[in-house]
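Trainee: The lines below spell out each chain.
Number of protein chains: 2
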Amino acid sequence: MNFMNNTNPIGIFDSGVGGLTVVKKITTLLPNENIVYFGDTARVPYGTKSNETVIEYAIQDAKFLQTKNVKIIIVACNTVSSIALDVLREKFDIPVIGMIEPGSKLALKKTKNNRIGIIGTNATVNNKAYSSFLLKENKNIEVFEKACPLFVPLAEEGLINHPATKLIAEEYLSDLKELNIDTLILGCTHYPILASTIQEVMGNNVELIDSGTAAGIIVKNYLEGRGLLNNSNNLGTSEFFVSDLPKRFKEIAERFLGRSLKHVHKIDLETIHNLL
Amino acid sequence: MNFMNNTNPIGIFDSGVGGLTVVKKITTLLPNENIVYFGDTARVPYGTKSNETVIEYAIQDAKFLQTKNVKIIIVACNTVSSIALDVLREKFDIPVIGMIEPGSKLALKKTKNNRIGIIGTNATVNNKAYSSFLLKENKNIEVFEKACPLFVPLAEEGLINHPATKLIAEEYLSDLKELNIDTLILGCTHYPILASTIQEVMGNNVELIDSGTAAGIIVKNYLEGRGLLNNSNNLGTSEFFVSDLPKRFKEIAERFLGRSLKHVHKIDLETIHNLL
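Going down the list, the sequences are from chains S and G. In terms of the working numbering, the first sequence has 1207 at position 152, counting the first letter as 1, and numbering is strictly consecutive. In terms of the working numbering, the second sequence has 1217 at position 162, counting the first letter as 1, and numbering is strictly consecutive.
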């Protein structure tokens, strides 16, 4: 294990661009931290792959971040968080933070009527990761889930406040609206991009839970407790690595982060495969 | 090489479900033919992968069809057609028909004002497969291309005549509408699902070209010329194989084909990898 210094970066990975919403939250919450991001754009999406494959890829992604001497790893992908978190924690000395636990805990804290909605990809809804965690923590919770597969391509295409997005959101969310939930977990890291439309459709009495924000708070507390917060007065740096199509990643990343990026590095899958 | 019999099936493959629109066209045009379809749903999408990877996967897909003694292979995927067709033709004794050439030739036959539009995925538009072929055939053609990435997820979600789909189509197609094209190539096998909306937005003066129909005519002529048309009086059978998630494939396939399917077989990627 490498000696951990408080100036070591925070590592964040996702199968593609979705995890950038988590990067945005982390840089707001912890502006002095350095960040290394890996997006496995050559093998996206993970949600349609078998559990064994997702675990294998997640280990490779985490190994890549380990080569960058990260002090903590954030799994900014709900699919990996729901399938591979235990294996990653077993395999790596570095602490690993997923999306399911922070998002669920924040939702449990916020709900007053114990009725929580969850929206995510087909994979996340089908594997019931959020609902099993919520029900394990509190048996009195009622959970309602809905897959919203078009939200990812709509966010990636930048149709953020487009009337078509609103129509599709109304269609997806109409059942949840009638179920009197007071808390809605955005169970996919792409969805915060569409938060304003989702909020508008659900109404102001429903609190949206962004798992990225929830994870950020946990990361902050963890690093603080171990004296690992970067106490530099300078703004942190961010480095971005992808396994394919860096140009397309850069375009979407700039839209997701709301700032321009200097460079996105491409890492060959061969390199990723051969990490020991 | 196996002895080819006219009752041998027609093989069709795609990275996922899009190629089913080609299956539909073939069964209409050649109702007595038996069909074997392979959808590489474990590795979809191909459009975001490197050329080397697409070629490797395409060879495996074609090898799988070869094990089913197909008499001809239709590459019902524009990405593979634009990247791997030459390699497939070199590697296999069986004739291989792609999407680009039949669609382009039909468009060249139909256009009166020599202004042709092409819509497709980002990959197909970026690699300019259709426009290079069209310009090689006729230097006087003017070609206008537009990527419509949301059309694939909209078709897969079944939002066929949804107002949101119309709004998105209007946004994507507004530039093409102003360019006075008289012919529009649907350069993605998913797009025929949305043909009525696309036609409505483009207006009735623009002829839509479905590459699947164009390929079907070429396949028919080829088989006819070699005495390989199935001259049985019975309706042909269709067998469907996928590399992952057969249940989801079956749902979408029934919507795309407009009929129910008895069974979708799952083939392990391991089996595909090990084909000699």
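For the record, the hints were derived by calculation from the structure and aren't laboratory data. Watch out, some of these pointers could steer you wrong.
All copies of an identical chain are treated as equivalent in the list; a pair is satisfied when it fits inside any one copy or across any two copies.
[Said to hold, decoys possible] Mimicking DSBU-like on lysine-lysine, the simulated pairs with C-alpha atoms at most 35 Å apart in a straight line are:
1) Lys-1321 with Lys-1167
2) Lys-1221 with Lys-1305
3) Lys-1305 with Lys-1167
4) Lys-1191 with Lys-1321
Quick caveat, the model's predicted, so the values are computed rather than measured.
Trainee: Now tell me, hint by hint, if it's right for this structure.
Mentor: Do the hints match the structure? See the list:
1. Lys-1321 with Lys-1167: neither (46 Å within a copy, 45 Å between copies)
2. Lys-1221 with Lys-1305: Cα proximity of Lys-1221 and Lys-1305: in one copy and across copies (26 Å, 29 Å).
3. Lys-1305 with Lys-1167: neither (40 Å within a copy, 41 Å between copies)
4. Lys-1191 with Lys-1321: between (41 Å within a copy, 34 Å between copies)
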